[in-house]
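*Asks:* Here the protein sequences come in this chain order: A and B.
Just so you know, we're using my numbering here: the first sequence kicks off at 1 and counts up by one.
Just so you know, we're using my numbering here: the second sequence kicks off at 1 and counts up by one.
It should be emphasised that the hints constitute simulated quantities derived from the structure, not laboratory data.
Any given hint could be a false lead.
Stretch by stretch, here's where chain A covers chain B in the computed footprint (C-beta under 8 Å, at least three residues) [what the hints assert, rightly or not]:
{"#": "1", "region": "115-126"}
{"#": "2", "region": "141-152"}
{"#": "3", "region": "163-176"}
{"#": "4", "region": "200-207"}
DSS-like, lysine-lysine: derived pairs with alpha carbons at most 30 Å apart [claimed, not checked]:
{"#": "5", "chain 1": "A", "residue 1": "K126", "chain 2": "B", "residue 2": "K48"}
{"#": "6", "chain 1": "B", "residue 1": "K48", "chain 2": "A", "residue 2": "K312"}
{"#": "7", "chain 1": "A", "residue 1": "K126", "chain 2": "A", "residue 2": "K312"}
Ranges between beta-carbon positions, derived for each pair [unchecked claim]:
{"#": "8", "chain 1": "B", "residue 1": "V151", "chain 2": "A", "residue 2": "P168", "range": "51 to 57 Å"}
{"#": "9", "chain 1": "A", "residue 1": "L169", "chain 2": "B", "residue 2": "D244", "range": "38 to 44 Å"}
{"#": "10", "chain 1": "A", "residue 1": "P233", "chain 2": "B", "residue 2": "G35", "range": "17 to 23 Å"}
{"#": "11", "chain 1": "A", "residue 1": "P132", "chain 2": "B", "residue 2": "L26", "range": "53 to 59 Å"}
{"#": "12", "chain 1": "B", "residue 1": "G153", "chain 2": "A", "residue 2": "R277", "range": "56 to 62 Å"}
{"#": "13", "chain 1": "B", "residue 1": "G110", "chain 2": "A", "residue 2": "P233", "range": "49 to 55 Å"}
C-beta atoms are modelled at their ideal positions from N, C-alpha and C, and glycine is treated no differently.
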Amino acid sequence: MTADAPVAPTAPPALGSPEWGGFDPARTRGRGLRDLRRSFMTAARLGWQTEANWTDPILFFIYSVAKPLSTTLIFVVMIEVIGGASTREFRGFVVVGTALWAFVIAGIAGLAWAVLDDRERYRMLKYVVVSPSDFLTVLLGRGVARIAVGGMGAAITLSVGVLALGVPLDAGRIDWPLLLPVMLGGLVTIVAVGILLAAVCIQTRQESWSYPEAAAGALFLVTGAVFPLSVLPAPVQVVGWLTPLTWWIEGVRLAVFPAGPSGIGGTGSAFAAFTGRVRPEPHEIVVALLGTGVLVTLAAIVGFRVSLHRAKDRGLLDQTTGS
Amino acid sequence: MSGNPYVHRPTASPQAAAEWTQRQILMTNLRTVAGRAYPRVRGLAREKSWLFFEILLPFLTTSAFVFVYRALQAPPEYVGFVVLGGAMTAFWLNVIWMMASQLWWEKSQGNLELYFAAPMDIVAVLLGMAVGGMVMSSSRAAVVLVVATVVYGVTFAVDQWLLLLAVFFLTLTALYGLGMVLASLFLMWGREAYHLTQFLQEPVYFVSGLNFPVGRLGMLGALAIALLPLAVGLDAMRQLAFADAAYPVGTPPPEVEALILVVMTVVFLSLARWMLRTLERLARREGRLTIRWQ
Numbered sequence: 001m002t003a004d005a006p007v008a009p010t011a012p013p014a015l016g017s018p019e020w021g022g023f024d025p026a027r028t029r030g031r032g033l034r035d036l037r038r039s040f041m042t043a044a045r046l047g048w049q050t051e052a053n054w055t056d057p058i059l060f061f062i063y064s065v066a067k068p069l070s071t072t073l074i075f076v077v078m079i080e081v082i083g084g085a086s087t088r089e090f091r092g093f094v095v096v097g098t099a100l101w102a103f104v105i106a107g108i109a110g111l112a113w114a115v116l117d118d119r120e121r122y123r124m125l126k127y128v129v130v131s132p133s134d135f136l137t138v139l140l141g142r143g144v145a146r147i148a149v150g151g152m153g154a155a156i157t158l159s160v161g162v163l164a165l166g167v168p169l170d171a172g173r174i175d176w177p178l179l180l181p182v183m184l185g186g187l188v189t190i191v192a193v194g195i196l197l198a199a200v201c202i203q204t205r206q207e208s209w210s211y212p213e214a215a216a217g218a219l220f221l222v223t224g225a226v227f228p229l230s231v232l233p234a235p236v237q238v239v240g241w242l243t244p245l246t247w248w249i250e251g252v253r254l255a256v257f258p259a260g261p262s263g264i265g266g267t268g269s270a271f272a273a274f275t276g277r278v279r280p281e282p283h284e285i286v287v288a289l290l291g292t293g294v295l296v297t298l299a300a301i302v303g304f305r306v307s308l309h310r311a312k313d314r315g316l317l318d319q320t321t322g323s
Numbered sequence: 001m002s003g004n005p006y007v008h009r010p011t012a013s014p015q016a017a018a019e020w021t022q023r024q025i026l027m028t029n030l031r032t033v034a035g036r037a038y039p040r041v042r043g044l045a046r047e048k049s050w051l052f053f054e055i056l057l058p059f060l061t062t063s064a065f066v067f068v069y070r071a072l073q074a075p076p077e078y079v080g081f082v083v084l085g086g087a088m089t090a091f092w093l094n095v096i097w098m099m100a101s102q103l104w105w106e107k108s109q110g111n112l113e114l115y116f117a118a119p120m121d122i123v124a125v126l127l128g129m130a131v132g133g134m135v136m137s138s139s140r141a142a143v144v145l146v147v148a149t150v151v152y153g154v155t156f157a158v159d160q161w162l163l164l165l166a167v168f169f170l171t172l173t174a175l176y177g178l179g180m181v182l183a184s185l186f187l188m189w190g191r192e193a194y195h196l197t198q199f200l201q202e203p204v205y206f207v208s209g210l211n212f213p214v215g216r217l218g219m220l221g222a223l224a225i226a227l228l229p230l231a232v233g234l235d236a237m238r239q240l241a242f243a244d245a246a247y248p249v250g251t252p253p254p255e256v257e258a259l260i261l262v263v264m265t266v267v268f269l270s271l272a273r274w275m276l277r278t279l280e281r282l283a284r285r286e287g288r289l290t291i292r293w294q
């Protein structure tokens, strides 16, 4: 009996050494945008499967719209309980605000929960981080699915508002040139806030599941989502101006209901006292959204990088906690 | 044999050693309750970010509802309704996130089989979670209640303190009983549990009348009062805490609602006990319920 000669393992063609036999450092840099796109698409597909494949489509649909619809109904009943002359006008204000808020909650929670899911439930976070894919790209891909679910909830809430709650929406009067850039800027901002929360969740423990909702709830107060900022003390109104989500919601409201009440301005508001006008102009909204949005996005990227570096340094990526 | 610290008394065989006295069973279960409550109580002080995310931010959420009523120029007692509702959300969130989902969560962590293998009653484990959760949530609820009362100038008018306290504790007992029932169900439903937890937030807030008198919902409100401890408890507490306010008609008086809570407590705790026993039997016999990812 003779021993077989050892056979050297052969790498697949794509992973083989260069023809000249040495190590190609370009391989460590990846293939740029092509790799990023592939990571993003794979993560988005994975995110959608995680979100949607646990049940049948009907139950998934009910689950997706129940939350934003219930939130809207809470406010609608609150308005109905009090009544008054401005009820109908205020109902439209609230329906748009809560419909848009479905995006905010979905966007923030989607990214933060992707971190928690992978660390605490599937225990894959450390493997994802050390893989050649860019972690932030993977995270964005995972978050996209939840934003899509949030978008579905927002659309249904708006539809129910118009069809069942008498919200006076006239499709012919929508200011599309304002709506489109404002929606785009708002979505980017939401993702940025989500990245910030993801950075926080990398550092914290299992109970961070409720953090995204808590953060969204706090932003709810200062963004004029469901009531005009004019009822808040002036310094808090100024805090609202610094939040891009405030300008996003104001922009969408102005585009959809040009004659409706303003969340930022209005009689007795700090905005009116400061500018002498009852509501901001469309170009002011776009500029303010862009300015504050860029700041938040930069802060999110820097914060995320710092958080990830610290997590690697302190071994937080494979910590699982329970209480 | 006598050198073994795990043997409490000299026994003739392992079978005899497994025969525990009533006192041993009781003491072990009490230790289980204390042991399972411990991480939640101690965790209060150990996770600093919790103070910010679990106390300050929920207070701001409650504030948003207060300002909606202010924007609508609602009577002052409605601000009080919101504050009371905001305080009670702490308990509901704790019940669905840290009671109902917990067994499923423990299964995912790999701890559940240890629970079933250990010589203790699984009901004691859940009771420990409930006690720890109540302490945890009480701090958040107290902060929301006290700070919001001071900041927004809420005035309570209580005529029947004893009944108010009884209703509060009955609400907690019924809520955590429901949490134990849900814990068993969620364990069996697997992945769906995670999504159901989220599903049980806003829709339950709505039908429970968290920010408005539940009587305004008509039949839906009546159904909620019959089925949800949060709805009936909150309604009774509002009637008792704002005795001088013109409370909307349509719901039973607080004495009747207290009785409903007693019935709910008995039903939920009995149901939870039966379901947990069934679950334990299935876990031991089939050996699948406790395995991760199943």
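*Asks:* Quick check: which numbered hints come out false for this structure?
*Replies:* 1, 2, 3, 8, 10 and 12
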